[in-house]
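S.K.: Residue strings, one per chain:
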Amino acid sequence: MALDSKIPKGPIKDKWTDYKNHINLVNPANKRHIDVIVVGTGLAGGSASATLAELGYNVKSFAYQDSPRRAHSIAAQGGINAAKNYQGDGDSTFRLFYDTVKGGDYRSREANVYRLAEVSANIIDQCVAQGVPFARDYGGLLDNRSFGGVLVSRTFYAKGQTGQQLLLGAYSAMNRQIARGKIEMFNRHEMLDVVIVDGKARGIIARNLVTGEIERHSAHAVVIASGGYGNVYFLSTNAMGSNVTAGWKVHKKGAFFANPCYTQIHPTCIPRSGDYQSKLTLMSESLRNDGRIWVPKSLEDVKAIREGSKKPTDLTQDERDYFLERRYPAFGNLVPRDVASRAAKERCDAGYGVNATGEAVYLDFASSFERYGKEQAKIHNLENPSTAKIKELGQEIVKAKYGNLFQMYEKIIDQNPYETPMMIYPAVHYTMGGVWVDYNLMTTIPGCYAIGEANFSEHGANRLGASALMQGLADGYFVLPYTIGDYLADDIRTGKISTNSPEFEAAEKEVSERIEFFINNKGTHSVDYYHKKLGKIMWDKCGMSRNEEGLKNAIEEISALRNDFWKNVNVPGTATEYNEQLAKAGRVADFLELGELFAKDALQREESAGGHFREEHQTEDGEAKRRKEFQYVSAWEYKGEPKDAVLHKEELAYENIEVKERSYK
Amino acid sequence: MNLTLKIWRQVDANDKGKMVDYKVTEISESMSFLEMMDVLNEQLVNAGDQPVAFDHDCREGICGMCSMYINGEAHGPDRGVTTCQLHMRMFKDGDTITIEPWRAAAFPVIKDLVVNRSAFDRIQHAGGYISVNTSGNTQDANSIPISKHAADQAMDAATCIGCGACVATCKNSSAMLFVGAKVSQYALLPQGQIEAADRVQNMVAQMDLEGFGNCTNTGACEVECPKGISLDNIARMNRELMKANI
Numbered sequence: 001m002a003l004d005s006k007i008p009k010g011p012i013k014d015k016w017t018d019y020k021n022h023i024n025l026v027n028p029a030n031k032r033h034i035d036v037i038v039v040g041t042g043l044a045g046g047s048a049s050a051t052l053a054e055l056g057y058n059v060k061s062f063a064y065q066d067s068p069r070r071a072h073s074i075a076a077q078g079g080i081n082a083a084k085n086y087q088g089d090g091d092s093t094f095r096l097f098y099d100t101v102k103g104g105d106y107r108s109r110e111a112n113v114y115r116l117a118e119v120s121a122n123i124i125d126q127c128v129a130q131g132v133p134f135a136r137d138y139g140g141l142l143d144n145r146s147f148g149g150v151l152v153s154r155t156f157y158a159k160g161q162t163g164q165q166l167l168l169g170a171y172s173a174m175n176r177q178i179a180r181g182k183i184e185m186f187n188r189h190e191m192l193d194v195v196i197v198d199g200k201a202r203g204i205i206a207r208n209l210v211t212g213e214i215e216r217h218s219a220h221a222v223v224i225a226s227g228g229y230g231n232v233y234f235l236s237t238n239a240m241g242s243n244v245t246a247g248w249k250v251h252k253k254g255a256f257f258a259n260p261c262y263t264q265i266h267p268t269c270i271p272r273s274g275d276y277q278s279k280l281t282l283m284s285e286s287l288r289n290d291g292r293i294w295v296p297k298s299l300e301d302v303k304a305i306r307e308g309s310k311k312p313t314d315l316t317q318d319e320r321d322y323f324l325e326r327r328y329p330a331f332g333n334l335v336p337r338d339v340a341s342r343a344a345k346e347r348c349d350a351g352y353g354v355n356a357t358g359e360a361v362y363l364d365f366a367s368s369f370e371r372y373g374k375e376q377a378k379i380h381n382l383e384n385p386s387t388a389k390i391k392e393l394g395q396e397i398v399k400a401k402y403g404n405l406f407q408m409y410e411k412i413i414d415q416n417p418y419e420t421p422m423m424i425y426p427a428v429h430y431t432m433g434g435v436w437v438d439y440n441l442m443t444t445i446p447g448c449y450a451i452g453e454a455n456f457s458e459h460g461a462n463r464l465g466a467s468a469l470m471q472g473l474a475d476g477y478f479v480l481p482y483t484i485g486d487y488l489a490d491d492i493r494t495g496k497i498s499t500n501s502p503e504f505e506a507a508e509k510e511v512s513e514r515i516e517f518f519i520n521n522k523g524t525h526s527v528d529y530y531h532k533k534l535g536k537i538m539w540d541k542c543g544m545s546r547n548e549e550g551l552k553n554a555i556e557e558i559s560a561l562r563n564d565f566w567k568n569v570n571v572p573g574t575a576t577e578y579n580e581q582l583a584k585a586g587r588v589a590d591f592l593e594l595g596e597l598f599a600k601d602a603l604q605r606e607e608s609a610g611g612h613f614r615e616e617h618q619t620e621d622g623e624a625k626r627r628k629e630f631q632y633v634s635a636w637e638y639k640g641e642p643k644d645a646v647l648h649k650e651e652l653a654y655e656n657i658e659v660k661e662r663s664y665k
Numbered sequence: 001m002n003l004t005l006k007i008w009r010q011v012d013a014n015d016k017g018k019m020v021d022y023k024v025t026e027i028s029e030s031m032s033f034l035e036m037m038d039v040l041n042e043q044l045v046n047a048g049d050q051p052v053a054f055d056h057d058c059r060e061g062i063c064g065m066c067s068m069y070i071n072g073e074a075h076g077p078d079r080g081v082t083t084c085q086l087h088m089r090m091f092k093d094g095d096t097i098t099i100e101p102w103r104a105a106a107f108p109v110i111k112d113l114v115v116n117r118s119a120f121d122r123i124q125h126a127g128g129y130i131s132v133n134t135s136g137n138t139q140d141a142n143s144i145p146i147s148k149h150a151a152d153q154a155m156d157a158a159t160c161i162g163c164g165a166c167v168a169t170c171k172n173s174s175a176m177l178f179v180g181a182k183v184s185q186y187a188l189l190p191q192g193q194i195e196a197a198d199r200v201q202n203m204v205a206q207m208d209l210e211g212f213g214n215c216t217n218t219g220a221c222e223v224e225c226p227k228g229i230s231l232d233n234i235a236r237m238n239r240e241l242m243k244a245n246i
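Residue numbers (our numbering), protein chains in the order written: chain A, 1 to 665; chain B, 1 to 246.
Calculated directly from the structure, the hints in this document are not laboratory data. Predicted model, so just to flag it, every value in this text is computed and none were measured. All C-beta atoms in this analysis are idealised placements derived from N, C-alpha and C, irrespective of residue type, glycine included. Treat the hints with care, since some could be wrong.
Cross-link-like lysine-lysine pairs, in silico, BS3-like; alpha carbons within 30 Å at most [stated by the list, open to error]: (1) A:Lys411 <-> B:Lys92; (2) B:Lys148 <-> A:Lys374; (3) A:Lys660 <-> A:Lys643.
Simulated restraints on C-beta separations [as the list claims (entries may be wrong)]: (4) A:Lys311 <-> B:Ser28: 21 to 29 Å; (5) A:Arg371 <-> B:Asp208: 50 to 58 Å; (6) A:Glu370 <-> B:Thr96: 29 to 37 Å; (7) A:Asp414 <-> B:Thr96: 55 to 63 Å; (8) B:Glu29 <-> A:Glu370: 32 to 40 Å; (9) A:Ser5 <-> B:Asp208: 31 to 39 Å; (10) A:Glu319 <-> B:Ser143: 50 to 58 Å.
With the rest of the complex left out, here is chain A:
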């Protein structure tokens, strides 16, 4: 099967407008007879559900949590990008497009990224109209901050809780439609399979997580908005329940899975403290606006700090290595995430890590306290302020910007980051890979769509900060509602889809059998035992840097671990009650398949691009080295075992941007 990305013809700036002018529409009376299922209620799923319901479709939304408001988009901190150019610093649709393609290391689709940049400004208008309380300046206008990999300030924010506020905005839009009966909400439900009838996605099999009941739900189209698969690493900044199951099930039914090896390892996370660790906590990238990253220059100082005989604040400026500022003078501490993470790993691997595990670098705000403090002293007409007064004034400004992050850090680490620098280390955060979609956001299964982090998306091999929220809301509010209409226009005479067909029967049977297996298998190891083992293989061999030997080992080890899982996993309880272990067993089973495809994809991609760093392919000074012959999307077709997956290539053409070496120096 040849991949058709269905990119409209014409100049890039006219593609989306022309597309919208020529697609089929569904008249309002007919929309009432069309059902759409949306799996997931994060920014993408929530905004899509609300908008489709506003348009008049009957929407059924599914969330595994107890309320749509709890989807993990809520944890996004720093902000959302939009090409508003409110700061007059030269921003434009083209620049946002350019930054995103470059930031993604030239591995994303031009037309999709341009469309994203084009609708970005509408998102801010929409959210403000919904009552999202973005930060404002004293004149009452919206404030912006700057994020990694760009030279303008285009990031809108709501304290360090931007994801929360945007999600609550989408949730409020959903609530309005739930109240009208246009969205039927299924909380504490998990999608366990997609149902294909006559080659089209026509429904899902879902499990009620409270009663254990297996349910059939039909629709004219199915939208997967279930987020990313970072939890394949066990430890990540994802929520505990975040999983790949919905995306993996559609993959197994015919949807190609693209670029699984593109993973974002976020530089500013709280370092791990022990084996009991259940998840990692992110500190917003926005901290890099005001924090400077460093390790000691000498190994003696490292040793003294680890032993506790020296404190980081004892070191003079000359004794510190601000390694990002040293290596990347143009972007400094605001280089993109992949670059910052690798640089921290490089220093820690060389022995300069500053905590007991040797896996931490400092993020220091002392310079900002001083800079802001002096500014405040001027504003308040203080003559000859003391150093302590300057620091105090500066800290107030920093507190207003990042207070909740500083508090979070202190609660976890038990150190006061106003007095001593924070310790940070990279952690798995976001997955650029996902279900392959065309320009319409449709997968290779007709009628099955994937939006937000669940699809392989607009971020190429590396996502820039504050772009995930932008993509989630762009897909849900402004893109999918058009593209899905073009498809559904053919369904106005179809009528209600029956759930009594043999296809629903077969899908339900498959799901039930798997659940029965888990309950009846009296194994010896818990689900977490397997999840942790998988996570360790992934982190050690498919983490921040990868090589051929490691990846080959990973494939063998994951395959063996999966065989062991299906023999020896132990799931307590029954299938007809609230049983978190049972739900988790199904998710880990899917991670055990995805993990192997991930390693296979990483092995096949013999280049370094964005978050995918192959040790064999680097420049002399250790930067990622792209290879022209890999300028394509790897879309994998399911053929049974992950090792049998078949590669399809979507060649990427760059007609509006010159492909250059991605330099932040």
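Starting from the known structure of chain A, arrange chain B on it as the hints suggest.
M.R.: Relative to chain A, chain B alone:
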């Protein structure tokens, strides 16, 4: 450290439920409270017993899923944190820790420490939104300046995570802090004015219908709120309601 845990076990909504004692050993003070619960559950699973069911998801204090009543306090002894952000350094070796679910008529127990909080969702359905369709044609985001003070206050109210600690800790199981926060967020913004009267009336009516109690101004909710939502929001809601009713 070694601890004794007294945990509420309840098979389902119909079960009477009871406290059961458990021992956990070698708990590190750097663990989060839920990581300590993970240790217990792994222990129970390996012994062939049923693990303790509890709600949790983001484990960074923002999703509002976790909900434990620890030693008689919603989210435990620390301030300004959810259960998932509570760390074991707040406890001592040899401590006995009592762990119960949120207790309120409007939050029926599903299993063990998991409760049903859909009453909160239904209050939001009644009016927790601004009626604006997605179009891409709303006015420019900067066309209505909003004073920084009002925007910050709206943000402080909007920071509510909907965990239900306010209800759990209130002797009347009142949801006034939760509802007041949502009403306030919109009442403080120009976009929220058009529907202000209907919103507060409908949300308060739904709140009463769900069986939440009244507010008697003891302020326990504000103390236990992991996000520090202020009692001022209850006063503002009452003012909004009075304005709407006149």
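S.K.: For each hint, tell me whether it holds in the structure or not.
M.R.: Hints, verified against the model:
1. A:Lys411 <-> B:Lys92: 17 Å, holds
2. B:Lys148 <-> A:Lys374: 23 Å, holds
3. A:Lys660 <-> A:Lys643: 34 Å, violated
4. A:Lys311 <-> B:Ser28: 21 to 29 Å: Holds: the Cβ-Cβ distance is about 23 Å, inside 21 to 29 Å.
5. A:Arg371 <-> B:Asp208: 50 to 58 Å: About 52 Å separates the Cβ atoms of Arg371 of chain A and Asp208 of chain B, which means 50 to 58 Å holds.
6. A:Glu370 <-> B:Thr96: 29 to 37 Å: 48 Å, violated
7. A:Asp414 <-> B:Thr96: 55 to 63 Å: Hint violated: Cβ distance 23 Å, outside 55 to 63 Å.
8. B:Glu29 <-> A:Glu370: 32 to 40 Å: 34 Å, holds
9. A:Ser5 <-> B:Asp208: 31 to 39 Å: With Cβ atoms ~54 Å apart, the hint is violated.
10. A:Glu319 <-> B:Ser143: 50 to 58 Å: 52 Å, holds
Checked against the numbered hints above, the structure violates hints 3, 6, 7 and 9; every other hint is satisfied.
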